[in-house]
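K.L.:
The lines below spell out each chain.
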Amino acid sequence: MSRFNKKKGSEVPAVNTASLPDIVFMLLFFFMVATVMRENTLKIQNQLPVADQVEKLDKKNPISYIYAGKPSQGYEQYGTEARIQLNDKFADVNEIAAFIYSEREALREELIPFLTVALKVDKKANMGIVGDIKQELRKVNALKINYTTGVGDALSNLD
Amino acid sequence: MAKRAAPEVNAGSMADIAFLLLIFFLVTTTIEKDSGINRKLPPMEESDEDVIIKQKNIFTVLLNGKDQLLVEDELMEVKNLRAAAVEFLDNGGDGTCDYCKGKRNPSSSDNPDKAIISLKNERETSYAAYISVQNELVAAYNVLRNRRALEIGPQKGFRDMNFVEMQNNYKDVRYTGNKEKLKEVIDQIKLEFPQKLSEVQ
Chain P
1 MSRFNKKKGS
11 EVPAVNTASL
21 PDIVFMLLFF
31 FMVATVMREN
41 TLKIQNQLPV
51 ADQVEKLDKK
61 NPISYIYAGK
71 PSQGYEQYGT
81 EARIQLNDKF
91 ADVNEIAAFI
101 YSEREALREE
111 LIPFLTVALK
121 VDKKANMGIV
131 GDIKQELRKV
141 NALKINYTTG
151 VGDALSNLD
Chain Z
1 MAKRAAPEVN
11 AGSMADIAFL
21 LLIFFLVTTT
31 IEKDSGINRK
41 LPPMEESDED
51 VIIKQKNIFT
61 VLLNGKDQLL
71 VEDELMEVKN
81 LRAAAVEFLD
91 NGGDGTCDYC
101 KGKRNPSSSD
111 NPDKAIISLK
121 NERETSYAAY
131 ISVQNELVAA
141 YNVLRNRRAL
151 EIGPQKGFRD
161 MNFVEMQNNY
171 KDVRYTGNKE
181 KLKEVIDQIK
191 LEFPQKLSEV
201 Q
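Order-wise, the sequence lines are chains P and Z.
Everything in the first sequence is counted per this note's numbering, starting at 1 for the first residue and increasing by one.
Everything in the second sequence is counted per this note's numbering, starting at 1 for the first residue and increasing by one.
Simulated from the structure, these hints should not be mistaken for laboratory data.
The C-beta atom is built at its ideal place from N, Cα and C for all residues, glycine as well.
A couple of the hints might just be wrong.
What the hints assert, rightly or not - To give an idea of the chain Z side of the interface with chain P (calculated C-beta under 10 angstroms), a few residues:
no., residue
1, K40
2, T60
3, E124
As the list claims (entries may be wrong) - Keeping only pairs whose Cα atoms sit at most 30 angstroms apart, straight-line, the calculated DSS-like set for lysine-lysine is:
no., chain 1, residue 1, chain 2, residue 2
4, Z, K79, P, K60
5, Z, K190, P, K59
6, P, K60, Z, K56
7, Z, K156, P, K139
8, P, K56, Z, K56
9, Z, K156, P, K124
10, Z, K40, P, K43
11, Z, K114, P, K59
12, Z, K56, P, K124
13, Z, K179, P, K56
14, P, K56, Z, K40
15, Z, K40, P, K59
16, Z, K66, P, K144
17, Z, K183, Z, K196
18, Z, K56, P, K144
19, P, K70, Z, K66
20, P, K144, Z, K171
21, P, K144, Z, K114
22, P, K89, Z, K196
23, Z, K79, P, K144
24, Z, K56, P, K59
25, Z, K66, P, K60
26, Z, K179, P, K59
27, P, K56, Z, K114
28, Z, K183, P, K124
29, P, K144, Z, K103
30, Z, K196, P, K60
31, Z, K114, P, K139
32, P, K144, Z, K183
33, P, K70, Z, K40
34, P, K59, Z, K171
Generate coordinates for the entire structure from the input sequences, incorporating the hints supplied.
P.N.:
Next up, the structure:
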């Protein structure tokens, strides 16, 4: 009988938590690496069209983003036509020039010619607004542009 | 039934496992990058000399306000545009282009260097349709460039690599081949099939 009583007092050993910090750090690092930070809060609908002949946007060169699309829910007072968004606010077409100049200001001089303007335009927008943006960009000599798109079958845009 | 104390698990190597996983994820995770169609806008100042371009060297693509595609004034489906553009670019009407495999139709483009695709749109054209058309036109250039890459690649030591793969390899830091030579081949192909796509407002 004493054989059975011997272990009565012993409890389940505590789980070793020495490696818990490691696991937590691992998760932290993972999310630090994999997270893409969005620099702007979008006030417009921005569903990009898709294309399959795309090139990666090179992060080595400076990129400025111009968004365009219909104002999203909560911003209906700005109308239902597609609008331009620069940084965090709605903008007019004639503000693009100032925007490009301020973007250039922040750059080192040797990088200025490599500034690419990425146009993130909603697929439901029409070309009128895109044409206006392009015309403004030509005026300030920002000629490198990129129509940012998703990756997919281009013909699916039409339905 | 003897209830024994479970032997303590040795946790000394847990940190090693954690770091192994961390390194694995570090290596395999790719941060999502934006991608899109790159274009260069024409500069504002008009050049003084008037460049005269023969009508047959211009391939007019018009996307009207109802998203209808008019190619050389004829209605066309977007899915047929790629083949039509390839045929136009690859025509080689004046015979100076020895790598062209087109029909050498004298009433179509002279050679890929002279051939220009002019893309027009109206204000009401939808952006989605415009991107589809841009995509198809870029695809036409890529079809020809890929074909050319497979022709001249093996002579330069880049077997079984088409133009798009060449460009990707050139940008890839992990690519182990001769990048200078690859750049030469890419530049040569770009020169042979220059992307002359004009966007008219």
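K.L.:
Decide, hint by hint, whether the structure agrees.
P.N.:
Now for the hints, and whether the structure bears them out:
1. Proximity of K40/Z to chain P holds as hinted, the smallest CB-CB distance being about 5 angstroms (cut-off 10 angstroms).
2. Taken as an interface hint, T60/Z does not check out: its beta carbon lies about 16 angstroms from the nearest beta carbon of chain P, beyond 10 angstroms.
3. About 5 angstroms separates the beta-carbon of E124/Z from the nearest beta-carbon of chain P, less than 10 angstroms, and the hint is met.
4. Distance check on the hinted pair: K79/Z and K60/P sit about 35 angstroms apart at the alpha-carbon level, beyond 30 angstroms; violated.
5. For the hint pairing K190/Z with K59/P, the CA-to-CA distance comes to about 23 angstroms; that is within 30 angstroms, so the pair holds.
6. With a C-alpha separation of about 40 angstroms, the suggested pairing of K60/P with K56/Z is violated against the 30 angstroms cut-off.
7. Distance check on the hinted pair: K156/Z and K139/P sit about 43 angstroms apart at the alpha-carbon level, beyond 30 angstroms; violated.
8. For a cut-off of 30 angstroms, the pair hint linking K56/P to K56/Z is broken: about 34 angstroms separates their Cα positions.
9. Distance restraint check for K156/Z and K124/P: the Cα-Cα separation of roughly 45 angstroms exceeds the 30 angstroms cut-off, and the hinted pair is therefore not satisfied.
10. Between K40/Z and K43/P the CA atoms are separated by roughly 28 angstroms; this keeps the pair inside 30 angstroms, and the hint holds.
11. Pair hint K114/Z plus K59/P does not hold up; C-alpha atoms about 33 angstroms apart against a cutoff of 30 angstroms.
12. Taking the CA atoms of K56/Z and K124/P, the gap is near 34 angstroms; set against the 30 angstroms cutoff, the hint is violated.
13. Note on K179/Z and K56/P: the hinted pairing holds, with a Cα-Cα distance of about 19 angstroms set against a maximum of 30 angstroms.
14. Annotation: proposed proximity of K56/P to K40/Z holds, straight-line Cα distance about 15 angstroms (limit 30 angstroms).
15. Between K40/Z and K59/P the CA atoms are separated by roughly 18 angstroms; this keeps the pair inside 30 angstroms, and the hint holds.
16. For a cut-off of 30 angstroms, the pair hint linking K66/Z to K144/P stands: about 29 angstroms separates their Cα positions.
17. For the suggested pair K183/Z and K196/Z, the alpha carbons sit about 20 angstroms apart, so the restraint of at most 30 angstroms is met.
18. Under the criterion of a C-alpha separation no larger than 30 angstroms, the hint pairing K56/Z with K144/P is consistent with the structure, at around 29 angstroms.
19. For a cut-off of 30 angstroms, the pair hint linking K70/P to K66/Z stands: about 19 angstroms separates their Cα positions.
20. For the suggested pair K144/P and K171/Z, the alpha carbons sit about 19 angstroms apart, so the restraint of at most 30 angstroms is met.
21. As the CA atoms of K144/P and K114/Z are separated by approximately 23 angstroms, the hinted pair is consistent with the 30 angstroms bound.
22. As the CA atoms of K89/P and K196/Z are separated by approximately 36 angstroms, the hinted pair breaks the 30 angstroms bound.
23. Restraint check for K79/Z and K144/P: the C-alpha separation of about 28 angstroms stays at or below 30 angstroms, so the hint holds.
24. For a cut-off of 30 angstroms, the pair hint linking K56/Z to K59/P is broken: about 40 angstroms separates their Cα positions.
25. Of the supplied pair hints, the one linking K66/Z and K60/P is violated, its CA atoms being roughly 39 angstroms apart against a limit of 30 angstroms.
26. For the hint pairing K179/Z with K59/P, the CA-to-CA distance comes to about 20 angstroms; that is within 30 angstroms, so the pair holds.
27. Proximity of K56/P to K114/Z is assessed by CA-CA distance (about 28 angstroms); at most 30 angstroms being required, the pair is judged to hold.
28. For the hint linking K183/Z to K124/P, the alpha-carbon distance of about 38 angstroms lies beyond 30 angstroms, and the restraint is violated.
29. For the hint linking K144/P to K103/Z, the alpha-carbon distance of about 35 angstroms lies beyond 30 angstroms, and the restraint is violated.
30. As the CA atoms of K196/Z and K60/P are separated by approximately 26 angstroms, the hinted pair is consistent with the 30 angstroms bound.
31. As the CA atoms of K114/Z and K139/P are separated by approximately 27 angstroms, the hinted pair is consistent with the 30 angstroms bound.
32. Among the hinted pairs, K144/P with K183/Z is consistent with the structure: their alpha-carbon atoms are about 21 angstroms apart, no more than 30 angstroms.
33. At roughly 26 angstroms between alpha-carbon atoms, K70/P and K40/Z fall within 30 angstroms of each other, so this suggested pair holds.
34. For the hint pairing K59/P with K171/Z, the CA-to-CA distance comes to about 12 angstroms; that is within 30 angstroms, so the pair holds.
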